[in-house]
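These protein sequence lines are chains A and B, in that order.
Going by the numbering used here, the residue at position 134 of the first sequence is 134; the numbering climbs one at a time, nothing skipped.
Going by the numbering used here, the residue at position 105 of the second sequence is 105; the numbering climbs one at a time, nothing skipped.
It should be emphasised that the hints constitute simulated quantities derived from the structure, not laboratory data.
Where a beta carbon is used, it is the ideal one built from N, C-alpha and C, also for glycine.
Check the hints yourself; a few may be wrong.
Below, simulated DSBU-like cross-link-like pairs (lysine-lysine); rule was C-alpha separation at most 35 Å, straight line [said to hold, decoys possible]:
#1 A:3 <-> A:56
#2 A:111 <-> B:111
#3 B:86 <-> A:3
Stretches of chain A that chain B covers, calculated by requiring three or more beta carbons in the stretch to come under 8 Å of a beta carbon on chain B [to be verified]:
#4 20-32
#5 81-91
#6 102-108
Number of protein chains: 2
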Amino acid sequence: MNKQGLLIVLSGPSGVGKGTVCQALLGRMPGLAYSVSATTRPPRAGERHGVNYFFKTREEFESMIARDELLEWAEYVGNYYGTPRKFVEETMAGGRDVILEIDVQGALQVKRRYPDGIFVFLLPPSLEELRNRIRGRGTEPEEVIRSRLEAAVAELKQIVHYDYAVVNDRIEDAASRIEAIVTAEHCRRERVMSRVLEWIEEEVH
Amino acid sequence: MNKQGLLIVLSGPSGVGKGTVCQALLGRMPGLAYSVSATTRPPRAGERHGVNYFFKTREEFESMIARDELLEWAEYVGNYYGTPRKFVEETMAGGRDVILEIDVQGALQVKRRYPDGIFVFLLPPSLEELRNRIRGRGTEPEEVIRSRLEAAVAELKQIVHYDYAVVNDRIEDAASRIEAIVTAEHCRRERVMSRVLEWIEEEVH
């Protein structure tokens, strides 16, 4: 029905469970293509090139930046992370939907280039839950926890830039809601209308 | 999650199968409330007051019009048809979603009052299919068929006023897509955001 695939951007604060929900969604929607990120960080045990990440040298990554081959990128603790543009654009042009699972900063960069993307913000069931997840990560001093919580609240405020917000109460329920969002977006009138206009043309002539 | 229920308006050209799809949708979504129309036409065999229609005298109906108790109404072949407003508004205020299954003219009247409603246009799988359904209704002269087809094309053009368009290829598939639309609309950021703003307030104070 749609010639062009949709760009789905799944994002949300750190610790909310974006990766797990994204995997559950891909399990439900075999037609959905997952955009694999590029990084300069070394592979961890079990990680595969082209599946978990495209592993790049710093030189390779910096030349991708220079040639505008990344939809978004950032540097964290000395490593680059980014979204290769070519795969996303070619997959969409081929009529398949693509999902990016990225942090809030990356999502905002993507939105500047693709305002027509479907931006989904994943929410924790409660602020208490997010607090527990942040605390639960280790036995860091209260100061570090406090600063992470402030960062999480700052990320939560970015919800204003999104089209949808899905609560990650249970992984499968959250994935099912995102699946519904993708289905609904394919039914948006603007996306279906060209077909109807062709009928009307056909009928008139 | 949402204090106020959503208003879902299912409409489309005559003969497209609105009623059948609406029944299938109600079967899938037991929480969805069906708005029963009022009419002055006499009940047919098996039709029940309050289930299929609220059967009214002309005087009763005209007093409903005068008291602005109808969300939309029209007169066809000497009978009034309309949507009682009270049920719709009370059900939504109680947090339940309501579905109206009405024709294109009625939907446009409702949209004037409820621009925030979710307007879903049901489409035939093809113009050919709609032609066959219109022809298939009887052995009318070509002139009558022609004028009905023109009316159907005029109704198709009203698609521009809708939020979504769903193709009625198979009843259950069409109902499933409308179910996805309702789920997605509940996840729209504007509807979820107030909760997040409360969290942020809570965290700041």
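These are the hints, each one checked on the structure:
| no. | hint | verdict |
| --- | --- | --- |
| 1 | A:3 <-> A:56 | 33 Å, holds |
| 2 | A:111 <-> B:111 | 31 Å, holds |
| 3 | B:86 <-> A:3 | 43 Å, violated |
| 4 | 20-32 | violated (count 0) |
| 5 | 81-91 | violated (count 0) |
| 6 | 102-108 | violated (count 0) |
Hint violations for this structure: numbers 3, 4, 5, 6, all remaining hints satisfied.
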